[in-house]
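Please model the complete structure; the sequences and the hints are all you need to start from.
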Amino acid sequence: MSVTPINVYSIPELRQTLDADISSELNRLNFKEVFTYVDMKLVIGYSIGMVAGTSFIIDKNFDYKETINYQKLLVLFYVILSGAFWWLTNIFQKNVIYTGENVKEECKVVIRSHFENNNPIYILVIEKTNTKTGKVETINANLPVNKVFNEAGYLQKSLYFEWLKDQLEMSAKKDL
Amino acid sequence: MNLRLELTRFLNVCFILSSTFMVWKGLSVVTDSHSPIVVVISGSMEPAFQRGDVLFLWNRNELNKVGDIVVYEQNSKSIPIVHRVLREHHSQSSSNSKQLLLTKGDNNAGNDISLYADRNIYLDKQNDIVGTVKGYLPKVGYITIWISENQYAKYGLMGLIALSSLFSTE
Amino acid sequence: MYSLSQRFQNVTNQALTYSFLIIGFVIATSWFHLQQNNVFQTPVAINTLNSNINVRSSRFFGSTTGKPKENAKITFDLDADFTPFFNWNTKQIFAYLVAEYNGDEKNTKNTVTFWDKIIADKENAVLSIKSEKSKYAVWDLEDKFAGRELTFKLQWNIQPWIGPLVFGETVGNCTFTLPVEQKEKASSNTNNDEATAEKPQKKNRKARKARKAKATNKDSTENKN
Numbered sequence: 001m002s003v004t005p006i007n008v009y010s011i012p013e014l015r016q017t018l019d020a021d022i023s024s025e026l027n028r029l030n031f032k033e034v035f036t037y038v039d040m041k042l043v044i045g046y047s048i049g050m051v052a053g054t055s056f057i058i059d060k061n062f063d064y065k066e067t068i069n070y071q072k073l074l075v076l077f078y079v080i081l082s083g084a085f086w087w088l089t090n091i092f093q094k095n096v097i098y099t100g101e102n103v104k105e106e107c108k109v110v111i112r113s114h115f116e117n118n119n120p121i122y123i124l125v126i127e128k129t130n131t132k133t134g135k136v137e138t139i140n141a142n143l144p145v146n147k148v149f150n151e152a153g154y155l156q157k158s159l160y161f162e163w164l165k166d167q168l169e170m171s172a173k174k175d176l
Numbered sequence: 001m002n003l004r005l006e007l008t009r010f011l012n013v014c015f016i017l018s019s020t021f022m023v024w025k026g027l028s029v030v031t032d033s034h035s036p037i038v039v040v041i042s043g044s045m046e047p048a049f050q051r052g053d054v055l056f057l058w059n060r061n062e063l064n065k066v067g068d069i070v071v072y073e074q075n076s077k078s079i080p081i082v083h084r085v086l087r088e089h090h091s092q093s094s095s096n097s098k099q100l101l102l103t104k105g106d107n108n109a110g111n112d113i114s115l116y117a118d119r120n121i122y123l124d125k126q127n128d129i130v131g132t133v134k135g136y137l138p139k140v141g142y143i144t145i146w147i148s149e150n151q152y153a154k155y156g157l158m159g160l161i162a163l164s165s166l167f168s169t170e
Numbered sequence: 001m002y003s004l005s006q007r008f009q010n011v012t013n014q015a016l017t018y019s020f021l022i023i024g025f026v027i028a029t030s031w032f033h034l035q036q037n038n039v040f041q042t043p044v045a046i047n048t049l050n051s052n053i054n055v056r057s058s059r060f061f062g063s064t065t066g067k068p069k070e071n072a073k074i075t076f077d078l079d080a081d082f083t084p085f086f087n088w089n090t091k092q093i094f095a096y097l098v099a100e101y102n103g104d105e106k107n108t109k110n111t112v113t114f115w116d117k118i119i120a121d122k123e124n125a126v127l128s129i130k131s132e133k134s135k136y137a138v139w140d141l142e143d144k145f146a147g148r149e150l151t152f153k154l155q156w157n158i159q160p161w162i163g164p165l166v167f168g169e170t171v172g173n174c175t176f177t178l179p180v181e182q183k184e185k186a187s188s189n190t191n192n193d194e195a196t197a198e199k200p201q202k203k204n205r206k207a208r209k210a211r212k213a214k215a216t217n218k219d220s221t222e223n224k225n
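Protein chains in written order, with the UniProt record's numbering: chain D, 1 to 176; chain L, 1 to 170; chain E, 1 to 225.
It should be emphasised that the hints constitute simulated quantities derived from the structure, not laboratory data. Treat the hints with caution; some may be incorrect.
[Unchecked claim] Taking lysine to any residue pairs in the SDA-like style, the calculated list, with each CA pair at most 25 Å apart, reads:
id : chain 1 : residue 1 : chain 2 : residue 2
1  : D       : Lys104    : D       : Glu25
2  : E       : Lys73     : L       : Asp68
3  : D       : Lys165    : D       : Glu33
4  : D       : Lys65     : L       : Val38
[As the list claims (entries may be wrong)] If you want the footprint, here are the derived chain E segments under chain L, 3+ residues with CB under 8 Å:
id : stretch
5  : 59-69
6  : 85-97
7  : 107-116
8  : 157-171
Here the structure is a predicted model, which means the values were calculated and not measured. Every residue, glycine too, gets a C-beta built ideally from N, C-alpha and C.
In C-alpha cells:
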C-alpha cells in the first residue's frame, strides 16, 4: 500500500500517483529506467531558466540601449529553447512516463499514460521493443482505477504490480 | 527522495518566473521599446486616459505624426510621461532623419516645455520617445499601482505565485 | 473529479478567454460601425480668415538663443459633424486643426497644431465655429514664420473605451499664406510694444547677470586672498 491516501475523485491525483509508482514496480520486473529524455528536458529547462536569469540581471544592471543587442540574442535563445522543450514534452515524448530496459529479457519499453474524458480508467500504451530482433510491439492496457485503489484512497501496490506484470507477460506469451 | 522529481518540480517555479520576464523582454524587442506596456499614473491626459489605465506602445515607427500620443522619458531616471504630440518638425533629406516634437497633455493648459530637461524646447524622437500609444485597456493597471505602492501586496503576491506553482498538480 | 487548484485554474482560464472574446467583439463591431458610417470620408469646411504675428523672445515662445521668434495666431471658421463617430466604444473624439508647411531656409517638413477640442459626447459633436481664435501661438524652427504657405487640415483621434486608438483626417483643407506685409506692420508694431515691455526686463536680466558676475568675482577674489 502507498504511504498517503489520495482523493480518488481527482484525475490529476490518480494519474500522478500511478505514474510515479510505475518505476518501482517495473524495477521489480528487472527493468532499469533510462533517463535520457528526462535529463534532456531538465537540461533544456534549466538552460531556459539561465537565459531568463541572465536577461534579468543585464536588465537590472546595465543601460537598455547599450545592451539591446544582447537582449535580442537572449530572447532568440529563449524562443528556440522553449520551442525545443515544448516539442519534447508535447510531441516527441508526449505522455511518456517511463522508459526502461530489461537486459535479461532483451527488451526496451516506452510507456505512455493518459485518462480519457475524465473516466476513471487509466490507459497505458506500452511500446515494447526487442533489442535483439528490433521487433516493435504495442500493448494497449486499460486499468479501472478502483481495482488498485481501495476505498480509503490508498494505492495497493501489490495489485498494481500484478496487473503490470500480466500486461507485459501477456505480450511475451504472444511472442511465443 | 528523488532528485529528478525535485528538480522537475522546482523547474515549474523557474518557468513561471522566467516566462513572465521573457514575454516582457520579447515584447520589448518586438516593439523596440524598453517598456512596451505602461500604466498611466497621472491625470494629465484626462479624460482620454485615467490613472490605472494600461497602454500598449509601439516604437518601430521612424517618425511621429501630430496627434499621436507618445510616452517620453528624457533621462532614464525620470518618470515616463504620456502626452500628445502638438508639433513635429523633420528634415526632408533622407540623410538627416532627426525629428523634433513638442508635446502637451490634453488636460494641461500649456505645452510641455517646462517639463523638458536641460532647457530643451523640443523632444528628440530618436532618443526621448519610449513609444507611441496604439492600444488601450481601461483600469486593469490598478493592480500594478497597488502592488508597487504596497510592499506587503508585492511580497504576498510573489509568495502566492511561488506556492501555487509548488503545489500545483500539473 | 476536480481538485480546488484545478478548478481555480479552469475558472480563470475561462474568464480570460471569454473576456478576450468580448473585447474582440466590441472592437470588431465598433470598427464595422465606423466603416459603415464612412467616418474616414467626413467632410469639413475650414476657412482661415486672419492671422497675426507677435515677436517673442522667451524660451516658452520658441526662442532659445535670445533671438526674437515670430509667433503666429490665426482666426478661422470651421464646420464639421462628428456625430457618426459615436458608437458604443467611443469614449471621446479629439479633433485638432493642424497646419502643414515646408521650411523656408532649411529643407524641413513641419506640422503644427493651432487649435484642438475634446468632444466628449454625441450632443456636442457638431462643430460649427465662427471666427475662433487659435488656441496656440505657433512658432517655427526658423526665426521667421511670415510668408509661409500653410495647409490647414482637421484631423481626429477616436479614444475608445477599450482597444486600438483610431486616427484619421477629414476631407477638405484650406491653404493660407501668412501675410508678409501685415507681418512687417504687425511686427514693427509689436516690436515697439514689446520693446518697451521687453527692455526693462532685459535691463533687469543684464543687471542680475552683472550682479551675479560680481558676486562670483568677489568669491574668487576672496578665495584667492
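How the hints compare with the structure:
1. Lys104(D) / Glu25(D): holds, 17 Å
2. Lys73(E) / Asp68(L): It holds: about 23 Å lies between the C-alpha atoms, which stays within 25 Å.
3. Lys165(D) / Glu33(D): holds, 16 Å
4. Lys65(D) / Val38(L): Roughly 18 Å separates the two Cα atoms, so the pair holds.
5. 59-69: It holds, with 4 qualifying residues against the three required.
6. 85-97: holds (count 4)
7. 107-116: Satisfied; 7 residues make the cut.
8. 157-171: holds (count 9)
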